[in-house]
Every structure is written in C-alpha cells, then in structure tokens.
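There are 2 protein chains.
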Amino acid sequence: MSKAEQFLPNFLSHREVTKELASKIGEEDYNFKPTETSMSAKTLVTHMLHSFYNFATIVKTGNPSAMVRKLEDTETNLSELADKYTTLTIETIKSITDEELAREIDMTKFLGIKCTGRQLLRLALDHEINHKGNLFVYVRMLGHTDLPMFVKK
Amino acid sequence: MSKAEQFLPNFLSHREVTKELASKIGEEDYNFKPTETSMSAKTLVTHMLHSFYNFATIVKTGNPSAMVRKLEDTETNLSELADKYTTLTIETIKSITDEELAREIDMTKFLGIKCTGRQLLRLALDHEINHKGNLFVYVRMLGHTDLPMFVKK
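If you read the protein sequences in the order shown, they are chains A and B.
Note that full-length UniProt numbering has the first sequence beginning at 1, numbered continuously upward.
Note that full-length UniProt numbering has the second sequence beginning at 1, numbered continuously upward.
Just so you know, the hints here were simulated from the structure itself, not pulled from any lab data.
One thing to keep in mind: the hints can contain errors.
Computed footprint of chain B on chain A, listed as stretches where at least three residues anywhere in the stretch have a Cβ under 8 angstroms from a Cβ of chain B [stated by the list, open to error]:
1) 34–40
2) 133–140
3) 144–153
Cβ pair distances, simulated, as ranges [as the list claims (entries may be wrong)]:
4) B:104 with A:72: 45 to 51 angstroms
5) B:106 with A:76: 21 to 27 angstroms
6) B:104 with A:8: 21 to 27 angstroms
7) A:145 with B:70: 21 to 27 angstroms
8) B:99 with A:28: 51 to 57 angstroms
9) A:27 with B:68: 28 to 34 angstroms
Below are the PhoX-like pairs computed for lysine-lysine, each with C-alpha atoms no more than 20 angstroms apart in a straight line [stated by the list, open to error]:
10) A:114 with B:153
11) A:152 with B:153
12) A:153 with B:114
13) B:152 with A:33
14) A:114 with B:33
15) B:152 with A:109
16) B:109 with A:153
We treat Cβ as the ideally placed atom computed from N, Cα and C, and that holds for glycine.
Next comes chain A alone, as it looks inside the complex (with noise of 0.2 angstroms):
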C-alpha cells in the first residue's frame, strides 16, 4: 500500500462527517448566510469540495495552478456533489505514488510556502477540518441540534 493510500482512513474521517453535514442542508437553505460577508451554505460546502480535489491534484502532478481550477458542476444536490467529489478525491489519492508525495511543490505564488507533497495533503485536511468547523455552525444555526462528532472513528 503506498503512503497516499495510508492517508485515506485519515481524509475520511472527516470527509464522512462534512457529508453528513452537507445532507442536513434542505435545498431551500443553500443561500444561508450566518452573516451578509459569511460564504452561503452551498458556496461554502462546495468550496471544500472543490479543494480537497484540488489539492490533491497538485500533488499527483506536482502543479500548483490547480489551486485556481475552476470546476464546473451540473449537479444541484449538495450531497450528489459530496459524493462525486469524495469518488474523485479518493482516486486521486490512491494514484499518488510515495515519490509523487515526497516531491517538494512551491506554493510561494498561493500560500507563501514551499512543501512536500505529503505536507500539502496535510493542509488540505486541515483546511477540511476548519471549514466542517464554520459548518457545524451553519447546521445548528439551520435548526439541527443533533449532530456528529467532529471526526469518524
């Protein structure tokens, strides 16, 4: 098993809770906003769809122009896109070799740093975690009071 795939359980851990979370979002709330400057519920949900996608893309190939990917969907179900966003994250994890992930990538032009590809995988999680964290905000603020640990065992 080469390490990317190690990292699978990791990614998702969390990627099960934000999909949990995501379902709980009626179509009639995707415009919700906890303020007028927040990103709505549907922006912010596909936001971190389209990231964690992204990421790792730049890490298989080792080119950071996908952090400015657009992607374009035809679905409108968030959990639709949930799903085919996992599906494609996943492959793309899987395909990572323990080369691709040790390559150093320069982010200078994005973040302002240089990593590995192994680091950049970690700051996508991270990115993941923070923004399940604004979400779990925006569920209870949607009238939802029983909801999921912040990670899967």
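With chain A's structure known, arrange chain B on it following the hints.
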C-alpha cells in the same frame, strides 16, 4: 530536539490564530451564542484551551483521566486565559519524551479508541482546528470582517 518539540510550530500555527480570534471578542460579548444550544463564546474558547492542555497532559503522563480534569481559573479575560494555557501547553509538549510520544494510551473510555501519544497530539490539534472553525463564524457574527487565515505561516 525531541519529536514532540518538532510538533510545537504546528500547534502554534493554529493557536496563534485562536488567540487572535479570542482577542477580538469584547467582554460584553462573552455570553454570545449563535443559537440557544450552542456554547457561549467564552465557553467555546475556554473549552479549546483546557482541552489541548488536558490532551498534552495525557500524552505526558499516559493517564487518560486528565480528559475530565476540571481546571479552575481566576482569569476573567479570554486573552489572559489564552496566554496562560498556551504557556502551560507549550511547557507540557516540550517535556514529552520520544518514548512517551510512542506509548499507547487506552482512551477507550473517553474516545472509544486506543492510540499512541503522537496520534493523541494530532487529535488535539484537529480538535482545536474544528472549534477554531466554529469560532470564525462567532467572530464574524460579532461584526468582525477583517479575519486572519485559518493557519499562520
């Protein structure tokens, strides 16, 4: 340098953001909650500070009972509280030997898992990032729009 000391910059890259967010919350807003069932701003920040210190103590001692340790504070200001627990947590992490970091700890009673000290420190950081993600929404709801990145470089 011990392996636990190498973890310190990682801890501080998130804790510094926690401190910056906490400093934006005026004492008149300490009881603010986004919803009736949410933790108040003060309870949330205090929970983050106590939890990381407790997790680090468990890794140091190998004794999971610090998970439910009740910490008593005389500080009423969140920034002072954050400084106090950041110092205590740094000291504790610095004192963790490589053997303690590799030791398996039975967290079954509290978390349903057994894990190494290293894994528990990582969980402590994920816990901080998750609640910091909550805190970003709180602080934005309190009227702040000039917010830091979720992680300090």
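Each hint tested on the structure:
Interface restraint, the region 34–40 of chain A with chain B: holds (4 residues with C-beta to C-beta distance below 8 angstroms; minimum three). Counting residues of the region 133–140 of chain A whose CB lies closer than 8 angstroms to any CB of chain B gives 7, so the stated coverage by that chain holds, three being the minimum. Interface restraint, the region 144–153 of chain A with chain B: holds (4 residues with C-beta to C-beta distance below 8 angstroms; minimum three). Against the hinted window of 45 to 51 angstroms, the Cβ-Cβ separation of residue 104 of chain B and residue 72 of chain A comes to about 47 angstroms, which satisfies the hint.
Checked against the given bound of 21 to 27 angstroms, the beta carbons of residue 106 of chain B and residue 76 of chain A, roughly 46 angstroms apart, lie outside it. The given range of 21 to 27 angstroms is respected by residue 104 of chain B and residue 8 of chain A, whose C-beta atoms sit roughly 23 angstroms from each other. For residue 145 of chain A paired with residue 70 of chain B, a C-beta distance near 25 angstroms keeps the hint of 21 to 27 angstroms intact. Residue 99 of chain B and residue 28 of chain A have their C-beta atoms about 55 angstroms apart, which keeps the hinted 51 to 57 angstroms range intact.
One distance hint, 28 to 34 angstroms for the beta-carbon pair residue 27 of chain A and residue 68 of chain B, is violated here, with the actual separation near 41 angstroms. A threshold of 20 angstroms between alpha carbons decides the hint, and for residue 114 of chain A with residue 153 of chain B the separation of about 11 angstroms falls inside it, so the pair holds. A distance of roughly 28 angstroms separates the Cα atoms of residue 152 of chain A and residue 153 of chain B; the hinted pair therefore is violated under the 20 angstroms criterion. At most 20 angstroms may separate the alpha-carbon atoms for a hinted pair to count; residue 153 of chain A and residue 114 of chain B meet this at roughly 11 angstroms.
Proximity of residue 152 of chain B to residue 33 of chain A is assessed by CA-CA distance (about 26 angstroms); at most 20 angstroms being required, the pair is judged violated. A hinted pair counts as satisfied when its Cα atoms are at most 20 angstroms apart, and residue 114 of chain A with residue 33 of chain B does not qualify at roughly 39 angstroms. For the given pair, residue 152 of chain B sits about 16 angstroms from residue 109 of chain A by alpha-carbon distance, which is consistent with the 20 angstroms threshold. With a CA separation close to 14 angstroms, the supplied pair residue 109 of chain B and residue 153 of chain A stays within the 20 angstroms bound.
Checked against the numbered hints listed earlier, the structure breaks hints 5, 9, 11, 13 and 14; every other hint is satisfied.
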